[in-house]
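Now for the letters of each chain:
There are 2 protein chains.
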Amino acid sequence: MAELFHEIDHCVTAPQGFRAGTTACGIKSDAGIKDLAILVSDVPCTVAGVFTTHNLRAAPVLLCQERLQDGQGQAVVVNSGNANCATGEQGLHNAYRMTELAATKLGLAPELIFCSSTGIIGRQLPMKKLEAGIPQIELSPEYGDAFAEAIMTTDTRPKRLALEFEIEGQAVRLGGVTKGAGMIRPNMATMLSYLTTDVAVERAWLQQELRDAVNDSYNMVSVDGDMSTNDTCLIFANGLAGNTPLNAQHPDAETFRQALRYITRYLAREMARDGEGATKLQTIYVRGARDKADAVLAARSLTRSPLWQCALAGGDPNWGRIAAAAGSSGCEFDQNAFDIFIGETQIAAKGMAIDYDQDQAHAAMAGDEVLITIDLHLGNGEATAWGCDLTHGYIDENSLYTR
Amino acid sequence: MAELFHEIDHCVTAPQGFRAGTTACGIKSDAGIKDLAILVSDVPCTVAGVFTTHNLRAAPVLLCQERLQDGQGQAVVVNSGNANCATGEQGLHNAYRMTELAATKLGLAPELIFCSSTGIIGRQLPMKKLEAGIPQIELSPEYGDAFAEAIMTTDTRPKRLALEFEIEGQAVRLGGVTKGAGMIRPNMATMLSYLTTDVAVERAWLQQELRDAVNDSYNMVSVDGDMSTNDTCLIFANGLAGNTPLNAQHPDAETFRQALRYITRYLAREMARDGEGATKLQTIYVRGARDKADAVLAARSLTRSPLWQCALAGGDPNWGRIAAAAGSSGCEFDQNAFDIFIGETQIAAKGMAIDYDQDQAHAAMAGDEVLITIDLHLGNGEATAWGCDLTHGYIDENSLYTR
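Here the protein sequences line up with chains A and B, keeping their order. Heads up, the first sequence is in the UniProt record's numbering, so the first residue is 1 and it goes up one at a time. Heads up, the second sequence is in the UniProt record's numbering, so the first residue is 1 and it goes up one at a time.
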């Protein structure tokens, strides 16, 4: 990566022409916590998006999907603390109203504004708080990091990154933020992600590249196997770099693709690492699957097995649970063929335990990053998934309840 | 049920001609804990069976599936503490050897003996302990309850039931035991269940009825969404009641079917109630689904949603998590149509929150049995699933680890 691009500050406001701003409008119960944010470009952008495949889709997702048909946009307004989901016609009306409020604030047409909501399901948005909050938001190219903070729910830290690289010999930028934490599984799930770039990109190619990047990154993250109703990933390309718009034939297309993949995979890993209650990041690498789809099944299966997630929490190299999760994933599986590695240590060969160095295996389970490799010995399919362990912290986060 | 059949003692040894026996042979680390058991009929039985659909199937499952092709059997030998899974050729050899040891003990042909193992995956069976233990087992018609105990792993109590009812005007019996606790999800999963009856039953009909009963009972239980490698449900019908063998045309077929369904549903509920770390039994009733398959998807989805299981643990009537789990289950789902009830209290109508009696809803969440009803308003499909909450206890059971 060192040759192609380098990391810079300000995440989503790093590319030229983007500003962000936040405020605490009181949707979250704790007073003073940022819960409302705007990200805006100085000029209209080409926009691409990927959304939850959930059958219960929140109102802002429905709005985004409708507005994405034009492929144009200039801003997004986001609140945390309330998902505006399972809120019926009133919820849809409120989502549109939210973009109108932002449009007035920004002096733009509402059709250029997207919106997202994340938080509790089944309650109407407190519109008075939004009406009071949106006009107060102060926008600046310095506030990308504040934007990353304002969209958090149970995240313990913001997730953000920006890269600088060259297109047509000129320095350009790509920035990104995500929020995650709970209700995370493929596909996506209580995940919001916004990406910005000053590179000019053709819309159809941008949509295809975003879809592919999300499939290999956000869609490979699971915290608890629960799928969300509000997943949204949007990319805004404002073209201020002045390059010939990128498409598959552009000589620098691959550079942009690599930057997009680097950012989305980085943010995916950070979401898994910061899963609710997580103390360990696990990376599951499956190879030798019949095909890629099978590798994806097997890799994801481990990230959403509570039994294995508990073993991970306890630092227990219980490879039987790894084999059981992979074997029940629906992938083609030969129970006399698979190998399993924990870190660099091979634990099982041809479906059976081998004499392995127990100290090495325990050391590989003890850190805050654990790598599991499964070789199914059935073909050339490979995939990587990320997840975390299952701890008391996850349960406390999701079960402690006061009326 | 009162009219058709009544409960009696001794579970699997309640039907005439069945004996059981147990011993502590030292497979489980705690000395003196029963871990080896035999169940035998005085005469050969018609046998039917249902097994895990896992791609990693334990050696005893492979043995049972092979021997079931004859549809004849007379005994089963079971050990707990070691699953004999992911053990390759040696494991298969050991499973056969286990039945040979039981055959010698019982004076029967090995082909009439089935076997099961449950416990840790990936270690070879300690055959010396089995060789020493099996001959020591003392068999008696009184030891059905001891058998239920010896097959437990992390279960906190045995699960057992026997019913007496009439076939052709004569009193007959059907008994059953299960073990469950963790790694439980549809289909079946670390679940062993043995059923015995003195009723004569035609083999094909017995297999069909067992399959149907299991689909509506054991296959509707989830503790943690993890599927097991060792699931086995066997029914032994020894025919000592002397009736004309039951088939679909027999006038008393329905009585037997109801008894079989009553026992399997009772044992399924008891497994969910005794899930690892469980403090609450949840029953999920889905109606109004497009069809039964859709109802099954939606009902199971709740029993394996960690987010909802945490809310259940906390007594939180967080219906958004119910809707989110059902909506992501893959069933047909109209987000503006569904109703949700907690206990008798309707919480959501047409996909939105309604003004409900909060005290009632909280009371319905507070007990050790919680009923959730979801009406999808799309058709006539219905299904019931059982599960439990997710607590620190589950994590402790599965993550506390000492080398």
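Hints are computed from structural coordinates only; laboratory data are not their basis. One should not assume that every hint holds.
What the hints assert, rightly or not - Some, not all, of what chain B presents toward chain A, calculated at C-beta under 8 Å: (1) T87; (2) A366; (3) G367; (4) L400.
Unchecked claim - A few chain A residues facing chain B, derived, Cβ under 8 Å: (5) L56; (6) M127; (7) R265; (8) P306; (9) A311; (10) W319; (11) A323; (12) S328; (13) F333; (14) Q335; (15) T345; (16) Q346; (17) A348; (18) K350.
Claimed, not checked - What the simulated footprint calls covered on chain A by chain B, stretch by stretch (three residues with Cβ under 8 Å from a Cβ of chain B suffice, anywhere in the stretch; the number is not a length): (19) 351 to 361; (20) 379 to 386.
None of the values given here were measured: they were computed from a predicted structure. The beta-carbon is built from N, C-alpha and C at its ideal position, and this holds for glycine as well.
Verification of the supplied hints:
1. T87: 6 Å, holds
2. A366: 11 Å, violated
3. G367: 16 Å, violated
4. L400: 6 Å, holds
5. L56: Holds: closest Cβ of chain B sits about 3 Å from A:L56, inside 8 Å.
6. M127: Because about 16 Å separates A:M127 from the closest Cβ in chain B, which is outside the 8 Å limit, the hint is violated.
7. R265: 24 Å, violated
8. P306: Holds - the Cβ of A:P306 comes within 8 Å of chain B, reaching about 4 Å at its closest.
9. A311: 7 Å, holds
10. W319: Result: holds, 6 Å to nearest chain B Cβ.
11. A323: It holds, given that the least Cβ distance between A:A323 and chain B is near 5 Å, below 8 Å.
12. S328: OK, holds: A:S328 within 8 Å of chain B, min 4 Å.
13. F333: Hint on A:F333: holds, closest Cβ of chain B at ~4 Å, below 8 Å.
14. Q335: Holds - the Cβ of A:Q335 comes within 8 Å of chain B, reaching about 5 Å at its closest.
15. T345: 15 Å, violated
16. Q346: Violated. Min distance 13 Å.
17. A348: Given a least distance of 7 Å, the restraint on A:A348 holds.
18. K350: 7 Å, holds
19. 351 to 361: This one holds; 4 residues, not fewer than the three required, reach chain B with a Cβ under 8 Å.
20. 379 to 386: n = 0 at 8 Å, threshold three: violated.
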